[in-house]
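Colleague: Chain by chain, the residues run as shown.
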Amino acid sequence: MNETIFTTVCPGCSIACGMYVREKDDGTIDIDWRKDAVVNAGKLCRFGVRLSANLKNATSRVDGNEVEFSDAVTAAGKAIGDGATFISVGNTTCAEHLALMKLAESKSAIVNTGMGAFSSIPSECHPTMGVGVPLDAIENAKKIVLFIDPYEQYPLLVRRILAAKKNGATVTAVGWKAVSLADENKTIDPANYESDLDLDSDSVIIAELNPSTDPARVMVLLNLAKASGAAIMFMKPFVNAVGCDIASKKTDQKSLDQIIAEINDGTIKTLVCLDSDLIEIMPDETAVREALGKLDNLIVITSRASAITDVAKIVVATEPFYKKAGTVVNAEGRALHNSGESTDGIDAIGAMMGQPVGMYDEIHATLLATLGIDEVDERVIPTYEKPEYGAMDANPTAEAVETALVYAGGPFFWNGIVDDNDFVEMNLDMVTANSLLKGIPAKITSDKGEVAIKYKVSDVAPGVVLSNMKLPMTTGMVTSVTVSR
Amino acid sequence: MEIGDCYVGWATDEDIRTRGASGGLVTAMLAAALEKGLVEAVVVLKKLGEFEAVPVVTSDPEEVKAAAGSMHSVPIVLSRYLEYGTKVALPAKPCDARSTIEQAKRGQVDIDTTYIVGLNCGGTMHPAMTRKMLDVMYKLDPEDIEGEEIDKGKLIFETKDGEEHAIKIDELEEEGYGRRESCQYCFTNIPVMADIACGNWGVIGDLAGKGTFVEINTEKGIEILRNAIDSGAVEVTEADEKGKAIRAKVDGAMMKVAAAANEKYLAPIEGSHLDYYMNALKDCINCGACKTVCPVCACGEGAKCTEYSSAADTYKMSLFHLVRFVHLMDSCIGCGQCTDVCPADISLTHIYQRFARPMQDEFEYKPGMDMTTPPFFGVDLLEEGH
Chain A
1 MNETIFTTVC
11 PGCSIACGMY
21 VREKDDGTID
31 IDWRKDAVVN
41 AGKLCRFGVR
51 LSANLKNATS
61 RVDGNEVEFS
71 DAVTAAGKAI
81 GDGATFISVG
91 NTTCAEHLAL
101 MKLAESKSAI
111 VNTGMGAFSS
121 IPSECHPTMG
131 VGVPLDAIEN
141 AKKIVLFIDP
151 YEQYPLLVRR
161 ILAAKKNGAT
171 VTAVGWKAVS
181 LADENKTIDP
191 ANYESDLDLD
201 SDSVIIAELN
211 PSTDPARVMV
221 LLNLAKASGA
231 AIMFMKPFVN
241 AVGCDIASKK
251 TDQKSLDQII
261 AEINDGTIKT
271 LVCLDSDLIE
281 IMPDETAVRE
291 ALGKLDNLIV
301 ITSRASAITD
311 VAKIVVATEP
321 FYKKAGTVVN
331 AEGRALHNSG
341 ESTDGIDAIG
351 AMMGQPVGMY
361 DEIHATLLAT
371 LGIDEVDERV
381 IPTYEKPEYG
391 AMDANPTAEA
401 VETALVYAGG
411 PFFWNGIVDD
421 NDFVEMNLDM
431 VTANSLLKGI
441 PAKITSDKGE
451 VAIKYKVSDV
461 APGVVLSNMK
471 LPMTTGMVTS
481 VTVSR
Chain B
1 MEIGDCYVGW
11 ATDEDIRTRG
21 ASGGLVTAML
31 AAALEKGLVE
41 AVVVLKKLGE
51 FEAVPVVTSD
61 PEEVKAAAGS
71 MHSVPIVLSR
81 YLEYGTKVAL
91 PAKPCDARST
101 IEQAKRGQVD
111 IDTTYIVGLN
121 CGGTMHPAMT
131 RKMLDVMYKL
141 DPEDIEGEEI
151 DKGKLIFETK
161 DGEEHAIKID
171 ELEEEGYGRR
181 ESCQYCFTNI
191 PVMADIACGN
201 WGVIGDLAGK
211 GTFVEINTEK
221 GIEILRNAID
231 SGAVEVTEAD
241 EKGKAIRAKV
251 DGAMMKVAAA
261 ANEKYLAPIE
271 GSHLDYYMNA
281 LKDCINCGAC
291 KTVCPVCACG
301 EGAKCTEYSS
311 AADTYKMSLF
321 HLVRFVHLMD
331 SCIGCGQCTD
341 VCPADISLTH
351 IYQRFARPMQ
361 DEFEYKPGMD
371 MTTPPFFGVD
381 LLEEGH
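Protein chains in written order, with our numbering: chain A, 1 to 485; chain B, 1 to 386.
Where hints are given, some of them may not hold.
Here are the computed lysine-lysine pairs in the DSS-like style, where the Cα-Cα straight-line distance is at most 25 Å [unchecked claim]:
hint, chain 1, residue 1, chain 2, residue 2
1, A, K165, B, K316
2, A, K165, B, K249
3, B, K132, A, K142
4, B, K316, A, K454
5, B, K264, A, K166
6, B, K249, B, K210
7, A, K166, B, K282
8, A, K24, B, K291
9, B, K316, A, K177
10, B, K154, B, K132
11, B, K282, A, K165
12, A, K456, B, K304
13, A, K438, B, K282
14, B, K256, A, K165
15, A, K166, B, K139
16, B, K132, A, K456
17, A, K226, A, K269
18, B, K160, A, K454
19, B, K256, B, K168
20, A, K456, B, K316
Derived contacts from chain B toward chain A, CB cut-off under 7 Å, selection only [stated by the list, open to error]:
hint, residue
21, E52
22, V54
23, P61
24, T314
Since the hints were derived computationally from the structure, they do not count as laboratory data. Predicted model only: the values in this text are computed from it and were never measured. In this text, a Cβ means the ideal position worked out from N, Cα and C, and glycines have one as well.
Just chain A, same shape as in the assembly:
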């Protein structure tokens, strides 16, 4: 059986690990290890290893009926009028994102990347929030502070941090769960970060920026980096979140919560989502489903089947990510090019605004100009200006409640996939206090309902029930709950 081999990156997170996808004649795929990939030396986390099992191609539909791709494109073109709202969080190439920006522009709109924090934080901070540090720089840091759990959220950082430790670095983790590679695990009041962490210009801070991140927490961390001189890296859950943010700079972004609110109050009637499944991305799945149901037109342009493709009025099913011509920009700011040559998605977006086929070259040139490079070379990170910014007043929302279900996040979580994440974690005190029994699921109850789920005893902060899988009874990334047998 013949096969076509694509050189691509894993779509699981903003590290963008290099990999091969082997596509057989019958369309089935296998992944393979690309050991010469500069980002990951061919290593992949469970999400990448299991990509072929979890990646499901979408089907073009109109009003629930399967249709030809071209018919879905025509229907979408007719349905997208002025006043439509556009979202692309960064699960596709820069070229497709830029094509959507053109479409949005033609409707006097912008493309929202879902990272609401950008709109709440002064623009001089945006380059620092967007592009992090080279992954090699993590290995050379003297001190690393983790505001993430690398094992769960960004597994390919583990080897970088372990390498730093071999080079003599000390690692401090500040989070919900003790991280075994950390020399110390701490719970620190944000007001005391600066005094307790004792960072300097040889330090690296690693945190996360996702659509639900409290902008005030980002500001606190930016203040910490500024005051200490430490480098800071905000990891993002979407493979090309950095590229899409760079492409969408200086636009007035709405947060996903704002968009849902505007759907609910009737301001938004038509929503166009490019590889962005709000049901998967937003913590309160029920509320999102209710809001999406109020739209006149939910148009989903996507390369994979997911929860939102089941409820969309129009689904334009584009080629899988690995086949797309185009580039992504990872958390380091490194541009990485797919070997795929398909421009079906771009051409479809072009057709929706009456553009002839063949926008790719023009769009790709725009990207290169934006990045200030002549060609994509994965071994050379483009130069990014990171202007100085001033200290900001920031009062993060208190996240701790007496007992809280907290979403840890991770590639399976952000892609709505149940894999080896079908359990919650809590510490032994909570298990004992609630008389939980080994082998019997725990009941987790919130105002919205109850689930019975496997639990694991871990070194999790007191009062925290940690989950890496979306549960139906949550209202946010942190939900007040009770635990019982």
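Following the hints, position chain B against chain A.
Modeller: Just chain B now, kept in the frame of chain A:
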């Protein structure tokens, strides 16, 4: 031509002779096997860059010819790409050949339709390490490299300006570079388990660098070489005794180096074995890559190591690893693939070998050497009357 015969051969096509290693005999033989219908497909490494190649299963002789040349910086085991029932040939380092045989024992490969064209191997290197080594040890830009070879214990890189840059492998390994750790302690340099064993050791005189030493090990070995000669793709001459002696001497020297590496890396575990394994595996992120890439694993999706373990478990050591330890006890060939792909940089091959070697020594069972000895956990169903 008989089993045990030794020859020195080369490709008749000048282009293959120039581009292929040691006179291009292996490339010419594989291409001829396809062209004459001896096999339906050949597994080769399709070169994408100086340090990058991807395995392809091809029926196109031109693709086989394009894959000519050695690539020490592409440490991939090709047996994973074999499909049962296809009449296929593959160029095989000893770990390619041994894993093919282990898979055949487990019914995953049909050994009767698989032509194993063995290649002598003194070890391979991870591309990421190679790039770093070029920078640190050779003071060269990896993008300037146009070729590499190993000769007389030296690793030689050729730059685009035609210059050669050589450093002794011993020196590189003392600094933590050079061959992968598992290659350093590997005792199998000549693929005696392959149908035919090829390499440049023992090619002397005028043919040095221009010919390949060939030893016939099986009837299939005769078949594939005879096919290449009859089709005019290859010419051979009988190997002389001096060449044979030199080949054996080089192999012996490599064995001594491997023995030293075994003492260094695989010394008996001191203290609690459980503590050793728990500590070694503490950063495992449960990705399953080690199993997926393992060329001797024959269990597929329903494997016990994955079926009976869960990320929700809180055992001291995961059942995934425990089951794999047991499974690999009689099959781990030390190919290094698991270490290469481990996202937490755990030296898995080292750990598996430390677990497996004492058992393999006790049962005098070296996996992948021939089809006659079943795995020591295996039951010969035919002999049992089933």
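Colleague: When the nearest CB of chain A is found for B:P61, is that gap smaller than 7 Å?
Modeller: B:P61 check fails; min Cβ-Cβ to chain A is 15 Å, beyond 7 Å.
Colleague: Within a Cα-Cα threshold of 25 Å, do B:K249 and B:K210 meet the stated pairing?
Modeller: holds, 20 Å
Colleague: Per the CB criterion, is B:V54 less than 7 Å away from chain A?
Modeller: The hint holds - B:V54 has a Cβ within 7 Å of chain A, the shortest such distance being about 6 Å.
Colleague: For the pair supplied as a hint, A:K456 and B:K316, is the alpha-carbon distance within the 25 Å limit?
Modeller: The hint holds at about 13 Å.
Colleague: Below or equal to 25 Å on CA atoms is what counts here, so check A:K166 against B:K282.
Modeller: holds, 16 Å
Colleague: Is the hinted pair A:K166 and B:K139 satisfied, with a Cα-Cα distance of at most 25 Å?
Modeller: holds, 24 Å
Colleague: Has the given pair, A:K456 with B:K304, been kept, meaning a C-alpha gap of at most 25 Å?
Modeller: holds, 21 Å
Colleague: Against the 25 Å threshold, does the CA-CA distance of B:K256 and B:K168 hold or violate the hint?
Modeller: holds, 16 Å
Colleague: How about B:E52: closest beta carbon in chain A under 7 Å, or not?
Modeller: holds, 4 Å
Colleague: Quick one, are B:K132 and A:K456 close enough, alpha carbons at most 25 Å?
Modeller: violated, 41 Å
Colleague: Have a go at the B:T314 hint: is there a Cβ in chain A nearer than 7 Å to its own Cβ?
Modeller: holds, 6 Å
Colleague: Hey, B:K264 versus A:K166, does the alpha-carbon distance stay inside 25 Å?
Modeller: holds, 20 Å
The structure does not agree with the numbered hints 2, 14, 16, 17, 18 and 23 stated previously, though it agrees with the rest.
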